[in-house]
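Asks: Letter by letter, the chains look like this.
There are 2 protein chains.
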Amino acid sequence: MSSATAARFAGRRVLITGGLGFIGSNLAHRLSEHGVHVTLVDSLVPEYGGNLFNISGIEAHVRTNISDVRDEHSFAYLVRDHDYLFNLAGQTSHLDSMHDPYTDMEINCRAQLSILEACRKHNPQIRIVFASTRQLYGRPDYLPVDEKHLLRPVDVNGVNKMAGECYHILYHRAHGLNACALRLTNTYGPRMRIKDARQTFLGVWVRSLIEGKPFEVWEGTQRRDFNYVDDAVDALLMAITDDAAMGRIFNLGSSEVVTLEQLAQTLVSLHGSGSFVHRAFPSDRKRIDIGDYYADCGLIEKTLGWRAQVPLRDGLAHTLRFYQKHLSEYV
Amino acid sequence: MSSATAARFAGRRVLITGGLGFIGSNLAHRLSEHGVHVTLVDSLVPEYGGNLFNISGIEAHVRTNISDVRDEHSFAYLVRDHDYLFNLAGQTSHLDSMHDPYTDMEINCRAQLSILEACRKHNPQIRIVFASTRQLYGRPDYLPVDEKHLLRPVDVNGVNKMAGECYHILYHRAHGLNACALRLTNTYGPRMRIKDARQTFLGVWVRSLIEGKPFEVWEGTQRRDFNYVDDAVDALLMAITDDAAMGRIFNLGSSEVVTLEQLAQTLVSLHGSGSFVHRAFPSDRKRIDIGDYYADCGLIEKTLGWRAQVPLRDGLAHTLRFYQKHLSEYV
Chain R
0 MSSATAARFA
10 GRRVLITGGL
20 GFIGSNLAHR
30 LSEHGVHVTL
40 VDSLVPEYGG
50 NLFNISGIEA
60 HVRTNISDVR
70 DEHSFAYLVR
80 DHDYLFNLAG
90 QTSHLDSMHD
100 PYTDMEINCR
110 AQLSILEACR
120 KHNPQIRIVF
130 ASTRQLYGRP
140 DYLPVDEKHL
150 LRPVDVNGVN
160 KMAGECYHIL
170 YHRAHGLNAC
180 ALRLTNTYGP
190 RMRIKDARQT
200 FLGVWVRSLI
210 EGKPFEVWEG
220 TQRRDFNYVD
230 DAVDALLMAI
240 TDDAAMGRIF
250 NLGSSEVVTL
260 EQLAQTLVSL
270 HGSGSFVHRA
280 FPSDRKRIDI
290 GDYYADCGLI
300 EKTLGWRAQV
310 PLRDGLAHTL
320 RFYQKHLSEY
330 V
Chain P
0 MSSATAARFA
10 GRRVLITGGL
20 GFIGSNLAHR
30 LSEHGVHVTL
40 VDSLVPEYGG
50 NLFNISGIEA
60 HVRTNISDVR
70 DEHSFAYLVR
80 DHDYLFNLAG
90 QTSHLDSMHD
100 PYTDMEINCR
110 AQLSILEACR
120 KHNPQIRIVF
130 ASTRQLYGRP
140 DYLPVDEKHL
150 LRPVDVNGVN
160 KMAGECYHIL
170 YHRAHGLNAC
180 ALRLTNTYGP
190 RMRIKDARQT
200 FLGVWVRSLI
210 EGKPFEVWEG
220 TQRRDFNYVD
230 DAVDALLMAI
240 TDDAAMGRIF
250 NLGSSEVVTL
260 EQLAQTLVSL
270 HGSGSFVHRA
280 FPSDRKRIDI
290 GDYYADCGLI
300 EKTLGWRAQV
310 PLRDGLAHTL
320 RFYQKHLSEY
330 V
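Here the protein sequences line up with chains R and P, keeping their order.
Residue 0 is where the first sequence starts when you use numbering that gives the first Met the number 0, and the numbers rise one by one after that.
Residue 0 is where the second sequence starts when you use numbering that gives the first Met the number 0, and the numbers rise one by one after that.
Because identical chains share one entry, a pair is satisfied inside a single copy or across any pair of copies.
Under the rule of at most 20 Å between Cα atoms (straight-line distance), these lysine to any residue pairs were calculated in the SDA-like manner:
hint	residue 1	residue 2
1	Lys120	Gly246
2	Lys285	His174
3	Lys120	Thr102
4	Lys120	Leu94
The hints are simulated quantities; they were obtained by calculation from the structure and are not laboratory data.
Note that this is a predicted model, so its numbers are computed, not measured.
Kindly generate the complete structure, drawing on both the sequences and the hints.
Replies: Below you can see the structure in the form of structure tokens.
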């Protein structure tokens with residue numbers, strides 16, 4: 000983090016929902032490096048991203064509080080005495096949201112409302128950044144997708160994340176909370192869930208590759224952009240400390256756009272071995288697929304000065320090395 | 000209703016949520032005139048629009064089922080054996096949604112999901128129209144507002160209605176349900192709630208006028224469009240019977256745009272007496288006000304052939320006559 004950003008965290012207390020998950024734990028590592036006091040809230044629901052190994056090495060420097068964002072009573076306590084809230088907890092599986100829409104709604108919609116109500120009532124000065132998603136756009140009308148694109152989510156998860164994001168912006172406008180939202184694209188890197196595709200399909204690709212099994216590429220011609228997790232962490236840190244971000248919504252993304260086929264080939268080549276097979280979309284996935292997607296990140300670059308720094312090849316190489324070393328902790 | 004539309008209801012069974020409310024009961028009257036079998040579902044929550052007097056004269060021809068859309072068990076039974084579902088139940092007060100966001104969410108968001116799940120599981124052939132609202136647009140970027148305008152709701156009610164609408168379109172795309180949505184503008188007419196401003200500010204204006212008290216016009220320069228309830232009922236009937244509507248979202252509205260000041264003057268002149276006072280916005284209302292709004296209704300006109308027929312003066316005159324006669328049933 001830049002020295003200007005680091006200065007804004009000096010002596011401050013940080014709360015991270017989903018703090019044992021992929022992005023939350025990477026953020027906790029970064030903040031710990033700078034001596035920032037961090038409280039991690041995580042439910043450790045087995046189907047989600049939380050994993051105690053994610054804070055290996057920093058356990059002594061963070062406070063870990065196991066609780067669920069659906070539990071509004073504990074959150075009303077936890078939110079006090081914190082300066083920054085990185086609100087990253089969420090149900091992330093698109094497919095699970097179609098089979099069990101209520102759970103997705105309770106977490107991505109209702110719990111967001113209760114988190115914001117807790118902030119409004121118990122800590123109205125806190126600064127909040129909400130991890131939203133490009134899934135809100137649905138199938139793009141045009142590319143790259145900027146923040147003016149209509150929202151037409153194609154799955155229950157997208158609808159609920161849209162409501163969750165919208166509550167944050169609304170609580171800024173109507174109640175003066177310092178809240179903003181980042182619409183993340185495909186984020187990858189160390190500490191992501193690789194057990195299954197609930198968080199990202201890249202997780203299972205990496206797992207299969209390291210386990211020496213062929214992985215499946217569905218179709219493969221879809222173009223996407225990817226962010227290495229360190230870049231996403233940068234954006235979170237820059238947004239939460241900048242007044243210019245408050246009340247706003249920003250795309251994350253990358254100018255490096257690849258097809259899933261190219262991504263698979265890059266992974267295999269970096270790994271030095273392995274293979275993948277093409278497969279047609281399963282029908283339940285096809286119905287909620289969004290086709291090509293990549294973001295226009297001009298707004299966050301202009302407003303906050305953020306742009307993705309880590310080339311895809313480098314990020315993938317780091318990621319492979321991490322899981323080669325720590326596979327057993329993630330499967 | 001046109002003879003073509005009437006033919007599509009012959010022998011069919013109709014379910015209306017919010018059936019004892021303003022629009023639901025007017026729809027029930029219309030369908031009853033044509034001998035259509037109607038079941039009305041309503042919770043009769045005192046703060047909402049349900050009123051048993053609204054079905055005065057047709058009690059014997061409709062089935063009334065007092066239950067709440069939040070009660071997913073009764074709905075799973077009720078949805079069976081019906082051909083059409085007019086899904087009109089909702090919490091409508093913007094201000095209440097800011098003070099009690101959970102109740103608004105349970106009704107306008109969670110209950111919509113459970114209604115759709117009930118249809119998907121127990122009656123996937125049913126045709127559904129959802130009563131959405133222009134509130135989804137928030138403060139317009141341009142006028143008139145068409146369906147391509149971004150959604151930026153300014154209150155909790157708007158966020159939850161947005162999610163409710165989005166679930167309907169999603170269940171069409173992902174599960175093949177025959178669902179569509181109409182974004183209603185200010186709708187007025189006989190059987191609206193006039194006890195307070197929870198449903199429409201026009202209600203309290205009409206009440207005060209008839210009770211001989213001055214009514215309050217907040218600011219007054221805001222331009223709006225209005226639909227007489229018979230026009231809204233026409234749109235609901237046309238949408239639910241037309242395959243071209245399914246999966247789609249349409250604005251309702253009117254080309255007759257007036258300021259609230261002009262509307263107040265028209266009401267006083269039609270009534271022959273009465274007065275109003277200008278007042279600045281209360282701060283809690285100002286924060287969630289949307290300024291000028293009127294709709295572009297080109298899409299529904301082109302697709303379904305609907306346009307508003309009742310001139311504002313005529314609609315207001317009908318409305319005043321209704322409440323002069325029946326005031327005691329509504330206050």
